[in-house]
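Chains as they are written, first to last, in this note's numbering: chain A, 1 to 333; chain B, 1 to 258; chain C, 1 to 297.
By construction, these hints were calculated from the structure, which means they are not laboratory data.
Predicted model, so just to flag it, every value in this text is computed and none were measured.
Be careful, since some hints might not be right.
[Unchecked claim] So the derived list for chain C, only partly shown, Cβ under 10 Å to chain A, looks like this:
| # | residue |
| --- | --- |
| 1 | A31 |
| 2 | C191 |
| 3 | P197 |
[As the list claims (entries may be wrong)] Here chain B is said to cover these stretches of chain A; the calculated rule only asks that three of the stretch's residues, wherever they fall, bring their Cβ under 8 Å from a Cβ of chain B:
| # | region |
| --- | --- |
| 4 | 22 to 34 |
| 5 | 113 to 121 |
| 6 | 168 to 178 |
Backbone N, C-alpha and C define an ideal beta-carbon position, used for all residues, glycine too.
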Amino acid sequence: MTPLLDITELAVRFGHVRALDGVSLQLAGGPSGLALVGESGSGKTTVGRAAIRLLKITSGQIRFEGTPVTALRGRALKEFRAAAQIVFQDPDNSLDPRLRVGASIREALLAHQVVPRRLAGQRAGELLAEVGLDGGFTSRYPHQLSGGQRQRVAIARALSVQPRLLVLDEPTSALDVNAQARILGLLGRLRAGRSLSYLLITHNLAIVPELCERTAVMYLGRVVESGPIGALLERPAHPYTQALRSAVPEIDAAGRRARITLSAEPPDATRLPAGCAFHPRCPFAAPRCTTETPLLRTVLPGTVLPGTVGTGRLVACHRAEEVLGNGPGAGAG
Amino acid sequence: MRLQVSELTVRFGTRQVAHIGDFSLGEAEIVGLAGESGSGKSMTTLAILGLAHTVGATVTGSIRLDGTELTSMSQRELRDVRGRRIAAIFQSPAMAFSPVFKVGSVVLRALRLHGMTRAEAAEAAARALRQVLLPTGLLDRYPAQLSGGQLQRVAIAIAIALRAEILLADEPTSALDVTVQAEVLDVLRDLRDRQGMSVLFISHDLAVVAELCDRVAIMHDGRIVEQGPATQVLSAPRHSYTAGLLAAVPSIRDSAHR
Amino acid sequence: MIEAPAPLPPAATGLRGQARWRGLAGNRLMAAGGLMAALIVIVALLAPLIAPLPGDADTATHPFLVLHPPSARHWFGTDQVGRDVFSRVLYGARVSPLIAAAVLVFACAIGIPLGICAGYFGGWLDEVIMRVTDIFLAFPPLLLALAFAAVLPASLTSLTIAIGITWWPWYTRLIRGQAASVAGRAYIESCRALGIPRRRIILRHILPNSITPLIVQVSLDVGGVILTASALSFLGLGAQDPTPDWGLMVSEGESYFTTAWWVVTFPGIAILLTAFAFNLLGDGLRDLLDPRRDLLR
Chain A
1 MTPLLDITEL AVRFGHVRAL DGVSLQLAGG PSGLALVGES GSGKTTVGRA AIRLLKITSG
61 QIRFEGTPVT ALRGRALKEF RAAAQIVFQD PDNSLDPRLR VGASIREALL AHQVVPRRLA
121 GQRAGELLAE VGLDGGFTSR YPHQLSGGQR QRVAIARALS VQPRLLVLDE PTSALDVNAQ
181 ARILGLLGRL RAGRSLSYLL ITHNLAIVPE LCERTAVMYL GRVVESGPIG ALLERPAHPY
241 TQALRSAVPE IDAAGRRARI TLSAEPPDAT RLPAGCAFHP RCPFAAPRCT TETPLLRTVL
301 PGTVLPGTVG TGRLVACHRA EEVLGNGPGA GAG
Chain B
1 MRLQVSELTV RFGTRQVAHI GDFSLGEAEI VGLAGESGSG KSMTTLAILG LAHTVGATVT
61 GSIRLDGTEL TSMSQRELRD VRGRRIAAIF QSPAMAFSPV FKVGSVVLRA LRLHGMTRAE
121 AAEAAARALR QVLLPTGLLD RYPAQLSGGQ LQRVAIAIAI ALRAEILLAD EPTSALDVTV
181 QAEVLDVLRD LRDRQGMSVL FISHDLAVVA ELCDRVAIMH DGRIVEQGPA TQVLSAPRHS
241 YTAGLLAAVP SIRDSAHR
Chain C
1 MIEAPAPLPP AATGLRGQAR WRGLAGNRLM AAGGLMAALI VIVALLAPLI APLPGDADTA
61 THPFLVLHPP SARHWFGTDQ VGRDVFSRVL YGARVSPLIA AAVLVFACAI GIPLGICAGY
121 FGGWLDEVIM RVTDIFLAFP PLLLALAFAA VLPASLTSLT IAIGITWWPW YTRLIRGQAA
181 SVAGRAYIES CRALGIPRRR IILRHILPNS ITPLIVQVSL DVGGVILTAS ALSFLGLGAQ
241 DPTPDWGLMV SEGESYFTTA WWVVTFPGIA ILLTAFAFNL LGDGLRDLLD PRRDLLR
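So here's chain A without its partners, still in its complex pose (with noise of 0.2 Å):
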């Protein structure tokens, strides 16, 4: 099965700094999720524009439904425009403060003449319905919504042009606790009802079970783990994982981990060390992951469903079985 999203050995440098330092991901077709998942400097917001065409490659390959997309050009460009869409992380600037709420929808509309002028209107009114704000909305300016109001209007804006695949740039990281919960819920609502693909974009771990099976974890450019999001958070394979889990605070104290301090800090991106880009932290680094950089390998091999890109764990790290054993989730009781 053919999957929505395939991205093979994304490069992406922006002068001296390697953004994406060879990045492979899969995302299948809707009702589907796969959450990138780093701090800053991990590269995630990159793949996510470079997958809908916002930024120029430097190197690599995605394609979209099969069909390459840095070749696109004219009316298939306008098609795949209109299948991949994106909403963005601050929903302060995220609409022309000059146009009334109908008319910015109004415009995604009419630049893919979705329907005819006379309805677009009729269905900005819809749209904004099914994203839960009454149609009264249409003749508002954006500062006299509320944060959360203002990201619903971005995702009517995106939905408006009937996409296959929605890039979710850190859709909640703006809100407050209510606005989120609200938010994700709509997303998750508009996942079923709409059977979308999403590729969210998050520092979150929490938000992530709720829209996404799989995920990606990302650092210095490169995908350090994937797999099912709920066993890859119950058992990490990659050190950094760990860490990264441990540190998410939790109200529910039972559900806390022992903290993995990090040493050091993020290493600059423009001088990245040999070998493992995280050996200089890592708890477990070993002589060979000095010079040898790790590859991207299936540490559990899962199952492949029909239709999904599969259940497996991929890892790049050179001790992963010793992760997967000494984790907080191994050979527990």
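With chain A fixed as given, assemble chains B and C onto it according to the hints.
Frame of chain A; chains B and C shown alone:
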């Protein structure tokens, strides 16, 4: 109680934005002030620092620091209190450090402003940096060369060097990566344990508050709706708003069921 | 569960057009500025009917009425060749503001497109445009205007072109900064992600969001242009005597200032009032164009 707040009201003209009936901060404890944006927690912070007037707000009520009433102090007297007795760190550490000065000069200036000699300041700064696990060489760098987490720790170091009794931390880790946040939280816990400092931790992130704070006060619409020991309030809330807030916080543990 | 919008504060409700008018009337300063500007336009149009001695605005001279102080017959006194200053000031309303308008339109017509292109496209286009702009900015404006005016035959048209050439670089620079800032915002990226054509992005999103500081600047520049024009006219490049250009009148009367203050003062006040009127108008326009203005109350 080191800090005692009673009947504190913050107003913009006739509009009341915060009212704290009774709130206190004791020695060697971390108290969380949690709430969403617009709950009044930031205005309360400004009021305690005696800076509410800078945004055009008026303050009535009582804020006592070790028995001394802060609301009746002149700005001159408050300047002595601010930084030295009540230190503050904010969400964006970069705001505290002017990009054209080396970090060291900002630290030393802060210390000397509160009466230390150059030698005393250098000594205190070095000691404080060690306590927050930063190399003293960092003082020679410019703010742009330091990460957010490092800058935040330097800001905390200033509070340590001044031997502040209270640290007001307004969303200090919201803009930081989760692993860096964990380190800063470690430093705050160390302040409480080793220095006996009182920390007022303001945040919208209930999970962080749960992990860090001994006691917590939940704010909504300018008022404290519930306060008490953190473990109690956050596991068995008595107010519906608190319960609603807790229900809205996503938890990793849910993933175990997938 | 569908959310209803929170009720808006009363000032912002009502139909688009109605809200605008209410805003206009409510903004008293802008109303005052608009009124004064309208007055200047009316004076300009009706000058031939209002002026007591229209001939004085033209070639008439009265050697026996030289430098008479203000009186019942000559409200603003007479100038160095006996002309009625009042009539000349009235007719000046046809000249000076028109020059200012022409210069500013010219400067905007060149400056805005260049600034938008430089700011939005960036890269080598930005470099080229800004370096050309820098070259023009490197010359003292008056000197540059002089150079151009000296080459062209002395007339109001060449005056307009000469000043316009020195004025556009400032607008390019101003717009470029704004455009670059706007181009980096999320809603522009969102437009690109939606495949909205570049032309529409520039005209409907970049331009309206970049233009506000320029509007304020243009209104402030009205007075500046009039003064620059007067300097050039004084040097003989541009408006020639007997054209009743306010700036020219100030220049011509400058040497008589200590003995016959009225020759300079009244045209000077006219410049002051015109600049002031457009300042107020500009401020009001900026507020009017800002959708957030209901928050400013």
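Status of the hints after comparison with the structure:
1. A31: violated, 24 Å
2. C191: Status holds, d = 8 Å.
3. P197: Since chain A brings a Cβ to about 8 Å from P197 (chain C), closer than 10 Å, the hint holds.
4. 22 to 34: Coverage by chain B is violated for the region 22 to 34 of chain A (0 residues, Cβ < 8 Å).
5. 113 to 121: Since three or more residues must qualify, the claim that chain B covers the region 113 to 121 of chain A is violated, with 0 doing so at under 8 Å.
6. 168 to 178: holds (count 3)
Of the numbered hints stated above, those contradicted by the structure are hints 1, 4 and 5, listed in ascending order.
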